[in-house]
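Participant: What follows is the residue order along each chain.
Protein chains: 2
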Amino acid sequence: MKRISLAQGNGGRLMQSLLDEIVFPHIANEYLNTLTDAARVPTSKRTAITTDSFIVTPLRFPGGDIGKLAACGTINDLSVSGARPEYITLSIIVEEGFPVEELENYILSFAKTCRENRVKVVCGDTKVMPSISNERPALILNTTGIGEVLRDDLSLTSIRDGDKLLISGPIGEHAIAVLLAREDFGLSGSLVSDCDSIGSLAKTLLQLDGLRFMRDPTRGGLLTVCHEILLGTKIGVSLHESYIPVRETVKGACDLLGYDPLVLACEGRLLAVIAPEQSQQALERLKALPQGSDAAIIGSMSKNSDQVLLHTAWGGERILMPLEGDPLPRIC
Amino acid sequence: MKRISLAQGNGGRLMQSLLDEIVFPHIANEYLNTLTDAARVPTSKRTAITTDSFIVTPLRFPGGDIGKLAACGTINDLSVSGARPEYITLSIIVEEGFPVEELENYILSFAKTCRENRVKVVCGDTKVMPSISNERPALILNTTGIGEVLRDDLSLTSIRDGDKLLISGPIGEHAIAVLLAREDFGLSGSLVSDCDSIGSLAKTLLQLDGLRFMRDPTRGGLLTVCHEILLGTKIGVSLHESYIPVRETVKGACDLLGYDPLVLACEGRLLAVIAPEQSQQALERLKALPQGSDAAIIGSMSKNSDQVLLHTAWGGERILMPLEGDPLPRIC
Chain A
1 MKRISLAQGN
11 GGRLMQSLLD
21 EIVFPHIANE
31 YLNTLTDAAR
41 VPTSKRTAIT
51 TDSFIVTPLR
61 FPGGDIGKLA
71 ACGTINDLSV
81 SGARPEYITL
91 SIIVEEGFPV
101 EELENYILSF
111 AKTCRENRVK
121 VVCGDTKVMP
131 SISNERPALI
141 LNTTGIGEVL
151 RDDLSLTSIR
161 DGDKLLISGP
171 IGEHAIAVLL
181 AREDFGLSGS
191 LVSDCDSIGS
201 LAKTLLQLDG
211 LRFMRDPTRG
221 GLLTVCHEIL
231 LGTKIGVSLH
241 ESYIPVRETV
251 KGACDLLGYD
261 PLVLACEGRL
271 LAVIAPEQSQ
281 QALERLKALP
291 QGSDAAIIGS
301 MSKNSDQVLL
311 HTAWGGERIL
321 MPLEGDPLPR
331 IC
Chain B
1 MKRISLAQGN
11 GGRLMQSLLD
21 EIVFPHIANE
31 YLNTLTDAAR
41 VPTSKRTAIT
51 TDSFIVTPLR
61 FPGGDIGKLA
71 ACGTINDLSV
81 SGARPEYITL
91 SIIVEEGFPV
101 EELENYILSF
111 AKTCRENRVK
121 VVCGDTKVMP
131 SISNERPALI
141 LNTTGIGEVL
151 RDDLSLTSIR
161 DGDKLLISGP
171 IGEHAIAVLL
181 AREDFGLSGS
191 LVSDCDSIGS
201 LAKTLLQLDG
211 LRFMRDPTRG
221 GLLTVCHEIL
231 LGTKIGVSLH
241 ESYIPVRETV
251 KGACDLLGYD
261 PLVLACEGRL
271 LAVIAPEQSQ
281 QALERLKALP
291 QGSDAAIIGS
301 MSKNSDQVLL
311 HTAWGGERIL
321 MPLEGDPLPR
331 IC
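Residue numbers (the working numbering), protein chains in the order written: chain A, 1 to 332; chain B, 1 to 332.
One chain only, chain A, in its complex shape (with noise of 0.2 angstroms):
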């Protein structure tokens, strides 16, 4: 089995043949120009730039890996900002030692994922890092999104009191399914994670003047973004325990490990804040894309409250204070 050596972080020529070998053939396009310091692409008058790290372990997971989740993660950043995603980077940062052929199918379903939501990888880079230890070999991918603003008042500050907030389907999926396959609680199950793009579910949305604001509840799960939203609004954020989609399985690892669904990571659901008397509408939208089948409207904004209140199953009431310390194991 080949594996990456350091002498591939070099800069010259074995660098060169390793990515000439198992990254440019799959993510070749006219903008990609593998002699230049910087890509030359044409934009518009307004663009929308994010970038993020990934970081998971394992590296592959049912429904996905750290390529795939590497271009989903940036592409829905660009999209819930009212964006359209155009090009994207790529930086490889791999530990000596890591098999080539893995490192290539994990290029491979990145640029799957960008093929697919037409996006463009225009620039990339590769360190190799020493191995410092007897683990297995790092991978930590960074990737970069531009894309054109289509909706430039989509922001906190377009919330007001009353309006709804719409999850595009059940929570918690991407953080149970990596830690299922982890194998350290002994617990399997049929879990795939909710890794995925979530550009079409946006754009729908994106043609209703009522929509506010979306996000996607990444790290820190919809409990992070619920306060996040209360702290820039100043608006209090009511939530219906019953009306949140969460699948059986994410249940019952979330009772049997003693984790709260709120703050598990998904990386392909959509949370949009929407006027509402677009709310109904919204949902159909949703609904009417297969990603968004599961689709609810899960709450709704009160100026009533200067908390996010979750109204229990049972009828009661429950302040959602801020996660804090990591209740959860680090799956990014």
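No lab work stands behind these hints, which were simulated from the structure alone.
Errors might be hidden in some of the hints.
The calculated DSBU-like cross-link candidates involving lysine-lysine, where the alpha carbons are at most 35 angstroms apart (straight line), are [what the hints assert, rightly or not]:
1) B/251 <-> B/287
2) B/45 <-> A/203
3) A/287 <-> A/45
4) B/120 <-> B/303
5) A/203 <-> A/112
6) B/120 <-> A/234
7) A/203 <-> A/45
8) A/303 <-> A/234
9) B/287 <-> A/112
10) B/112 <-> A/45
11) A/203 <-> B/120
12) A/112 <-> B/234
13) A/45 <-> B/45
14) A/287 <-> A/120
15) B/234 <-> A/120
16) A/120 <-> B/203
17) B/287 <-> B/120
18) A/112 <-> B/45
19) B/45 <-> B/203
20) A/234 <-> B/2
21) A/303 <-> A/203
22) A/45 <-> B/120
23) A/2 <-> B/234
24) A/45 <-> B/203
25) B/112 <-> B/287
26) A/120 <-> B/251
27) A/203 <-> A/120
28) B/2 <-> A/120
29) A/120 <-> B/45
30) B/303 <-> A/234
31) B/234 <-> B/112
Derived coverage of chain B by chain A (criterion: at least 3 residues anywhere in the stretch with Cβ under 8 angstroms from a Cβ of chain A; other residues may be distant) [unchecked claim]:
32) 36-43
33) 244-256
We put the CB at the ideal spot given by N, CA and C, even for glycine.
With the hints as your guide, set chain B onto chain A.
Facilitator: Okay, now just chain B, sitting in the frame of chain A:
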């Protein structure tokens, strides 16, 4: 001493506090919105994009640190591609246990370099990695730069037979300064890294229509750039050893340690290819700037050969092969 904890990487309140304390105050600008998934910025029709991950040991060295390096590296890549650097992203990948104050110092250094170059930090990301060894906790920075394309014609394919090669200053200082800072060799010296922005050097050359191509000789050094030029043009590169500026301390360290200055990384030098009739003018322009006082014409393009040829100081000729394995300790 406060140290980075895993909980500060979970996307919750602790991470927000950390960023509010040691990152955002230093990089504030009108486009940095800490509450959205993507920054929205004005762009022009043609945009240059580049990305780079920065790994350096030690994190601080004479003349710079990883923060300055992460800013200069990306600003320089935009500059040499004929663009005006406008925006930069900052992804922090830090191992738990890393001293918080030290991290802040690198952010300060990054921010200062960006400010000096009028580049705005528009978005970022922070990930905390679990510690996997007893070594000093690691820090990796990734930056993506975005800028307005000022000259779309700079390219390897613009290079012609007879064109001259210029370097803006002595080579190899960054590599040797970093190596000496490691103190692995029992050597020490007054050598300072050349780590710096080359924006003003690039800008002054952009005004010459005879300018064909620019690059900063980082990983792989001047030799690797010459081979990229050879590969991209199929025209031979002819270098004159005695014209290539190398400081005595770099020469001395290379003699002692057995390295070739031609493969050593610079982080603040510019290599330009320019039409022969404008090469003197270009040299004068570089020399008129403090960073270019030691600039020199070091060679020319020659279709009489299909090699990178070094005319030695002793009147001989040597074919320079591309950097193959890794002849020098890794500095990045």
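Participant: It remains to establish, for every hint, whether it holds in the given structure.
Facilitator: Now the hints, each set against the structure:
Among the hinted pairs, residue 251 of chain B with residue 287 of chain B is consistent with the structure: their alpha-carbon atoms are about 23 angstroms apart, no more than 35 angstroms. A threshold of 35 angstroms between alpha carbons decides the hint, and for residue 45 of chain B with residue 203 of chain A the separation of about 24 angstroms falls inside it, so the pair holds. A C-alpha spacing of about 33 angstroms is found between residue 287 of chain A and residue 45 of chain A, which places the hinted pair at or below 35 angstroms, so the restraint holds. Restraint check: the Cα-Cα separation between residue 120 of chain B and residue 303 of chain B comes to about 43 angstroms, which exceeds 35 angstroms; the hinted pair is violated.
Taking the CA atoms of residue 203 of chain A and residue 112 of chain A, the gap is near 20 angstroms; set against the 35 angstroms cutoff, the hint holds. Taking the CA atoms of residue 120 of chain B and residue 234 of chain A, the gap is near 28 angstroms; set against the 35 angstroms cutoff, the hint holds. Pair hint residue 203 of chain A plus residue 45 of chain A holds up; C-alpha atoms about 20 angstroms apart against a cutoff of 35 angstroms. For the hint linking residue 303 of chain A to residue 234 of chain A, the alpha-carbon distance of about 8 angstroms falls within 35 angstroms, and the restraint holds.
Only pairs whose Cα atoms come within 35 angstroms are accepted, and residue 287 of chain B paired with residue 112 of chain A is rejected, the gap being roughly 48 angstroms. As the CA atoms of residue 112 of chain B and residue 45 of chain A are separated by approximately 28 angstroms, the hinted pair is consistent with the 35 angstroms bound. With a CA separation close to 29 angstroms, the supplied pair residue 203 of chain A and residue 120 of chain B stays within the 35 angstroms bound. For the given pair, residue 112 of chain A sits about 33 angstroms from residue 234 of chain B by alpha-carbon distance, which is consistent with the 35 angstroms threshold.
Annotation: proposed proximity of residue 45 of chain A to residue 45 of chain B holds, straight-line Cα distance about 7 angstroms (limit 35 angstroms). Restraint check for residue 287 of chain A and residue 120 of chain A: satisfied, since their Cα atoms lie roughly 29 angstroms apart, inside the 35 angstroms limit. A threshold of 35 angstroms between alpha carbons decides the hint, and for residue 234 of chain B with residue 120 of chain A the separation of about 28 angstroms falls inside it, so the pair holds. Of the pairs offered as hints, the one joining residue 120 of chain A and residue 203 of chain B holds, with about 29 angstroms between alpha carbons and a cut-off of 35 angstroms not exceeded.
For the hint pairing residue 287 of chain B with residue 120 of chain B, the CA-to-CA distance comes to about 29 angstroms; that is within 35 angstroms, so the pair holds. Of the pairs offered as hints, the one joining residue 112 of chain A and residue 45 of chain B holds, with about 28 angstroms between alpha carbons and a cut-off of 35 angstroms not exceeded. In summary, the hint linking residue 45 of chain B to residue 203 of chain B is supported, as the alpha carbons are separated by about 20 angstroms, within the 35 angstroms threshold. This hinted pair checks out: residue 234 of chain A and residue 2 of chain B have alpha carbons roughly 31 angstroms apart, not beyond 35 angstroms.
With a C-alpha separation of about 29 angstroms, the suggested pairing of residue 303 of chain A with residue 203 of chain A holds against the 35 angstroms cut-off. Of the pairs offered as hints, the one joining residue 45 of chain A and residue 120 of chain B holds, with about 17 angstroms between alpha carbons and a cut-off of 35 angstroms not exceeded. Taken as a hint, the residue 2 of chain A and residue 234 of chain B pair is honoured in the structure, with Cα atoms around 31 angstroms apart against an allowance of 35 angstroms. With a CA separation close to 24 angstroms, the supplied pair residue 45 of chain A and residue 203 of chain B stays within the 35 angstroms bound.
Distance restraint check for residue 112 of chain B and residue 287 of chain B: the Cα-Cα separation of roughly 25 angstroms lies within the 35 angstroms cut-off, and the hinted pair is therefore satisfied. Straight-line distance between C-alpha atoms of residue 120 of chain A and residue 251 of chain B comes to about 44 angstroms, which puts the hinted pair past the 35 angstroms bound. Using a Cα cut-off of 35 angstroms, the hinted pair residue 203 of chain A and residue 120 of chain A holds, with the two alpha carbons roughly 18 angstroms apart. Distance check on the hinted pair: residue 2 of chain B and residue 120 of chain A sit about 41 angstroms apart at the alpha-carbon level, beyond 35 angstroms; violated.
A threshold of 35 angstroms between alpha carbons decides the hint, and for residue 120 of chain A with residue 45 of chain B the separation of about 17 angstroms falls inside it, so the pair holds. Distance restraint check for residue 303 of chain B and residue 234 of chain A: the Cα-Cα separation of roughly 69 angstroms exceeds the 35 angstroms cut-off, and the hinted pair is therefore not satisfied. Of the pairs offered as hints, the one joining residue 234 of chain B and residue 112 of chain B is violated, with about 41 angstroms between alpha carbons and a cut-off of 35 angstroms exceeded. Note: the stretch 36-43 of chain B has 8 residues with beta-carbon separation from chain A under 8 angstroms; the three-residue rule is met and the coverage holds.
Evaluation of the coverage hint for the stretch 244-256 of chain B: breached, as 0 residues show C-beta separations to chain A shorter than 8 angstroms, against a requirement of three.
Hints 4, 9, 26, 28, 30, 31 and 33, counting from the list given before, are not met by this structure.
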